Amino acid sequence: MTKPRASARATPGVRRDGASQSRTTLRDRYNSWLGHHRLSAADSLHRVLDNPLSSLLTWIVIGIALALPMGLSVALDNVGRLSASWDSPAQISLFLQDGITGEAAAAMATSLAERDDVAQTEFVSREEALEEFRSLSGFADVLASLQTNPLPHLILVSPASSSDGEAAAGLRAKLQDLPEVAQAVLDMQWLQRLNSLMELSRRMVMAVGGLLVLGVVLILGNTIRLAIENRRDEIVIVKLVGGSNAFVRRPFLYTGLWYGVGGGVVAALLVALSLWFLQEPVSRFAQLYQSEFRLHGLGMMGGLNLVILGGLLGLTGAWLAVARHLAAIQPR
Amino acid sequence: MISFERVSKRYPEGHDALREVSVAIERDELVFLTGHSGAGKSTLLRLIMLMDRPTRGQVIVDGQNLAKIGSRGIPHHRRNIGVVFQNHQLLYDRSVFDNVALPLIIAGYDHRDVGRRVRAALDKVGLLNRELAMPVTLSGGEQQRVGIARAVVGKPKILLADEPTGNLDPALSAEIMNLFEEFNQVGVTVLIASHDLALISRLRHRILTLRDGQLVSGGAG
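Respectively, the protein sequence lines represent chains F and C. Using my numbering, read the first sequence as starting at 5 and increasing by one per residue. Using my numbering, read the second sequence as starting at 43 and increasing by one per residue.
Heads up, a few of these hints could be off.
Stated by the list, open to error - Just a few of them, taken from the derived set where beta-carbon distance is under 7 Å, the chain C residues facing chain F:
| no. | residue |
| --- | --- |
| 1 | 117 |
| 2 | 121 |
| 3 | 131 |
| 4 | 152 |
| 5 | 249 |
None of these hints come from the bench; they were simulated from the model. Quantities reported herein were computed from a predicted structural model and do not represent experimental measurements. Just so you know, even glycine gets a beta-carbon here, dropped at the ideal spot from N, CA and C.
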């Protein structure tokens, strides 16, 4: 029952439709894909900024969760730096026999330094030792009352391979066997203890960090889930007019990204702030030990990494939420 | 353009929405679909939109058997069909312009093209001066025309409408129907579900009547 007039006009019309549809070339599609990314990113950012209070809360929660492990790892990093700055981590102290003269002991220190397995030696005569003890220990009065100097000559030996604990122990055993040596002590145990304590702490920080990172992903996932629920009608409409899943997904992924990036910025600020807060007491403390030690912060790259990490976690959380909830929303 | 071959749809709760419906709608045709509520009008439209799949039978749209379109192909399929809903289905937090532009943005048109086409579509429905308005500030008839502009902006070959005049007074309803006729005259296949028999019988187009999921008249045309 078609009207001839209509069909006569229709044919060119249909052809025109066909031509206009094929006009979207691959490049156009790429441009529009890029355009929609830009649009989604801007639109999501607007939505995040339109609710400043709730967004700020989300950022702070994520920031705290990221700042905790990051702050601890910065602290550990500083302790590691401090212990590395102590020269010759393994040092053997040779306490010499009583009867040996200062000259003989000094000559022995020089000859020991020429050994292949010894990096350097330092001779501390019993007089020097007494002097140092007197000035540093606060036992000056007691020492003055002594008739004789109770301290032996001391040679501090730095092994050639200071990091190799076994070689240092072997050297200690050899030096112990020398007739002039009363006692050879390897000052390494406390360093080993420190190192294993550091390793333990590092692992604990990693475990806590892992848990908190998981928490961040879940928090963000939940935030995005709520955003999806709030825009359910819109999603249905977009799907009805032919929006693909990728198209619907995009703004939510950007929302997650913005929350994550904001959280990363907050975390970097928190770490910087607490380091600034600690800086003064730490340097005062270091001064007491004649150390120039200063706290090292995250640095530019560390801060940037934290922001990137936040962004990645945001994307992950958003992706989980989107994968779980978006497919369930279908036009009814 | 659209053909149903012995299509049945039974919903999981056991309700038979369509029974053995066979019908062919040609290119350039404007066809009304009528029947009491629950007769299967919406189901028929939903099958064309791939919002549902038939239990039995085949639906062929523009030469394509819909059974062969997987879930990933659904968005592309829907982009070739303009749909007008009774409740408008507009985005109420976006301007009229953005609402009409949505299908073009989804289909990936260049933004200059988008502006030109959206204004052409709005001009067609007589809302060119309202492009910056928010949908809530428009009357029901105007909102429906925004919905129509959105449905036709991508120049689809097929235009579906589900009770497009459901909430409108007779004068507005006639205006809306005239719009559909104009689109039909430029070669768009139009299928309109409506229970407003008084209106559609005046318009002298083929009328498909559904009763309890069965096609009782109009199928032969």
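Outcome of the hint check:
| no. | hint | result |
| --- | --- | --- |
| 1 | 117 | holds, 4 Å |
| 2 | 121 | holds, 4 Å |
| 3 | 131 | holds, 5 Å |
| 4 | 152 | holds, 6 Å |
| 5 | 249 | violated, 11 Å |
Hint compliance for this structure: hint 5 alone is broken.
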